[in-house]
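**Q** Chains A and B are the protein sequences, given in the same order. Last residue of the first sequence: number 1272 in the numbering used here, and the count goes up by one each step with no gaps. Last residue of the second sequence: number 373 in the numbering used here, and the count goes up by one each step with no gaps.
In short, the hints are calculated from the structure, not lab data. Some hints here could point you the wrong way.
Claimed, not checked - Derived Cβ-Cβ restraints for the label pairs, each shown as a range:
id	chain 1	residue 1	chain 2	residue 2	range
1	A	T996	B	D128	37 to 43 Å
2	A	D1189	B	P363	51 to 57 Å
3	B	A33	A	T1191	29 to 35 Å
Unchecked claim - Lysine-lysine pairs mimicking DSS-like chemistry, simulated, CA-CA at most 27 Å apart:
id	chain 1	residue 1	chain 2	residue 2
4	A	K966	A	K976
5	A	K976	A	K962
6	B	K290	B	K140
7	B	K140	A	K1138
8	A	K1187	B	K290
9	A	K1187	A	K1138
All C-beta atoms in this analysis are idealised placements derived from N, C-alpha and C, irrespective of residue type, glycine included.
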Amino acid sequence: MLTRFTGNRLVGGVALAAGVALAAMSSISVAYAAEQAAASGVKDVAPAMRRISSDQYTNIVAAVFGPTIKVGGRFEPDIREGGLFAVGASKVSVSATGIEQYHALARSVAAQVVDDRRRDTLIPCRPASTKAADDMCARQFLAKTGRLLYRRPLTNAELEARVAAAGASATKLGNFYAGLQASLTAMLVSPQFLFRHVALEADPAHPGGMRMDGYTKAAQLSFFLWDSAPDIELLNAAENGDLHTRKGLEKQVDRLLASRKLETGVRALFEDMLRFDEFSTLAKDTAIYPKFTIQAVADAREQTLRTIVDHLLVRRGDYRDLYTTRHTFLTPTLGTIYAVPVADDPLSANGTADAWTPYEFAANDPRGVGIISQVGFLALHSHPGRSSPTLRGKALREVVLCQRVPDPPGDVNFTLVQNTSDKVHRTARERLGAHATEPMCSGCHKLTDPMGYALESFDSDGAFRSTENGAKIDTTGVLDGIAFADAPGLGRAVHDNPQTVSCLVDRVYAYGAGRPIAKAEREQTQALAKDFAKDGYRLPDLLRHVATSDAFYRVAP
Amino acid sequence: MSIFRVSGSARLAGWAAALFAVGFSAECAAAESRSWVVGWFTLATYSQEGDCSAGINPSIYEVYRTVLQNMGKTPKEIETIFSDIGNGGPPATQELFINRGRIDGKPVNIYDNPMSAPDPKFREVDGKYAFGFNLDGKADTGYEGPESHERGVDNQYYRALGCNQNHRAFPPDRPTHAIYIWNGARDSSPAWIITVKGENLDQDGEVTVLFDRALKHATLDATGNVVADATFRIDPSPRSHNELKGRIKDSILYIDDGDLHLLGDPFNYVKLQLANTHARFKLLPGGKLEGILGGYMPWMNLYFSYSSHGYVAEVNESINYHGVYHALRRLADAYPDPKTGQNTAISVAYRVEAVRAFTLPAEPIKSADAR
């Protein structure tokens, strides 16, 4: 399989879909479903395949083989579409060099699984001889592991091919475990593992229609809520047909929502939605912002995620309050940027050192009001050497409100904006004010800057300031007609903006479905938004509504 | 009161006082309190052309050549030894230099027995200027302060060692010996904390100045300097708690007397132990504190901060530790031993740079069950 993929230099989703079709899928292929949908006049279909993300790869390996397996290596780059990698995942494939990387990863993982320390735990049987093939033991391991990796049982042909490969390798190498390693490696580079497939079956409730099969539903559910593959219980529910019943589906949804793995899923959702992948390239001019170390970057990202998890899952708080909450968590490193006391000696619940301390900013403190006033958002949406009302306003529009802000024209003169030592225009507001008098610039700046000005009390590294170049900073601003005086006021305006809620609902739905919301689904998402409001804007309730809705599993909306 | 006598009962009383000071009075006694963590602390140098009229002291390799010559080594033998002296040379070579002292004609460790070889008589700083304070009240003896223009500045530590190349620098440059020592101490030893308390620290007035040791070392920012606005828990031990009277005048913090005792680490700074403590710290816009701290220091403490490094550091720092001992002993200028008359303390002046910090009282480590 590997040879065929690298040899053909498969770079497109269609080509890869063809490869997958060759892999003897038992259900009707997605390509066929697309044809059926097209014939019926429906334009949007469920995505053909979605490549699993690097985090999903890691989560699956940890779930199947345990967290001590090291997954180190480079993954193929993702594409953000409709604001989400989860949507872009259906547009990406694997390059020739990508296959080599996946192969290196797979070999490493497989070697760790069969090594002396782990084999007795991870392999459910012992071969008659460690120096020879043992088809029975290999079959037992590969069937069990393959079901978890492929998110469905292996077909007979697949299983026997893997067993035969393991046997041939074991015989040649004189080592049963080396044979098992070779076969496991092949499974880990298989498109059946690296891509999520939509398998269809006839829908008895709608004669002539199609529906996702149980395993596809199970994967849809587990990747949505856990950012990982289904566990054994969920696969069993799929196998038994439980996921096609209302009761069975709700039982599994509630189980997944009650699991600690939900935190992983919620983190993944917000990392995607808030574009936290950009932290990997975030850097500041350390001569200007010496506190913004590598540790600060890592902590800033984690601070926002901890705030989200604590507020939405632990406290079951109102989603909108994420933009006004004063509760957060800090490390000593972040304490230096916020300029608040944070000691580094608390112990975590299990007695080990934990650098994180719960922290609540005072009611009259302009710092730390909601996640948009946290170091992560502020630093992520600034320039390396200066803050940016424009970038911050643009991010608010695009990330929080799901609006599109056009990119600047290619021939804009930024000299005035970039001159932070300008003696005349000492603040960013003054510089942008002068810059935005140019007609080609003013249109977009009106969309972004009036919001971003409120965050000007925070420098590019997120540290609070009241002056810039000796001039007092004016933090007044406007968001969609709502005026405010400062960052807390902006947080309140975002909290009260109806699009803050509808944006989240849309993102959550698209994230889970792995595709942009089709026009035909608008009614569905509006209904979800209403339910979300009725439930007090509690995220777990929204997730439950989405995960138990029929639309979420429809092949075509 | 001398800093060189602290009884056991006094230590217990001091412990209680320290707990009270850190845990309670810090919140109640003063209207305003600001803390700084020390980011730079070394001998204050003011090296200028011509201030060592007899020249700069020989490098350590020149010293070693002389040692070998005095041992009767031939020029060829000396060259053979020096051909392989990188990184201190092989063990046999190291032993030669480490055991260059002689007692009853037998080789002894020179660092442990500095009197086992004659005083090499370091050349002294005989220029006009040096940082420090007029500690003895005599305006006609000593240097002139380069910034304060105070007359009679006593800084015999600088006089003793300031003509060694690695102790020479003109501000803002830093002497290489200081960089070597301080960087090691800063990154490994509990940080030193300065806290100033008063009614309004932006105005002139009397203040209380606390010198404490933290429970952890300072951390660095992306430029390699001690990061500002970090948080430190204060060591409750009275051994490193000091409360001195001070005053602020025109944004400069002055200390005019008192004893100061701060533990360092066994390797770099055994301890800072000052009598007749003086300070002149500028409270700079942006929150930094910079200035000079001086007083009388037991010169043996200073010597140990050199000799404890041993041979490798002597080579790397290129300063004759044996010469350090004799220079400090010879130029010590205070607290004579009542029996021998030998002065036990030497006037010193340190350059201090500090950035703002938060302080918290020490908190006992909580067990998992307790949480």
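**Q** Run every hint past the structure and note whether it holds.
**A** Each hint tested on the structure:
The given range of 37 to 43 Å is broken by T996 (chain A) and D128 (chain B), whose C-beta atoms sit roughly 58 Å from each other. Restraint check, D1189 (chain A) to P363 (chain B): a C-beta distance of roughly 40 Å breaks the suggested window 51 to 57 Å. A beta carbon spacing of about 33 Å between A33 (chain B) and T1191 (chain A) agrees with the range 29 to 35 Å that was offered as a hint. Under the criterion of a C-alpha separation no larger than 27 Å, the hint pairing K966 (chain A) with K976 (chain A) is consistent with the structure, at around 16 Å.
For the suggested pair K976 (chain A) and K962 (chain A), the alpha carbons sit about 22 Å apart, so the restraint of at most 27 Å is met. In summary, the hint linking K290 (chain B) to K140 (chain B) is not supported, as the alpha carbons are separated by about 32 Å, beyond the 27 Å threshold. The hinted pair formed by K140 (chain B) and K1138 (chain A) fails the criterion: a straight-line CA distance of about 51 Å is larger than 27 Å. Taken as a hint, the K1187 (chain A) and K290 (chain B) pair is honoured in the structure, with Cα atoms around 22 Å apart against an allowance of 27 Å.
In summary, the hint linking K1187 (chain A) to K1138 (chain A) is supported, as the alpha carbons are separated by about 14 Å, within the 27 Å threshold.
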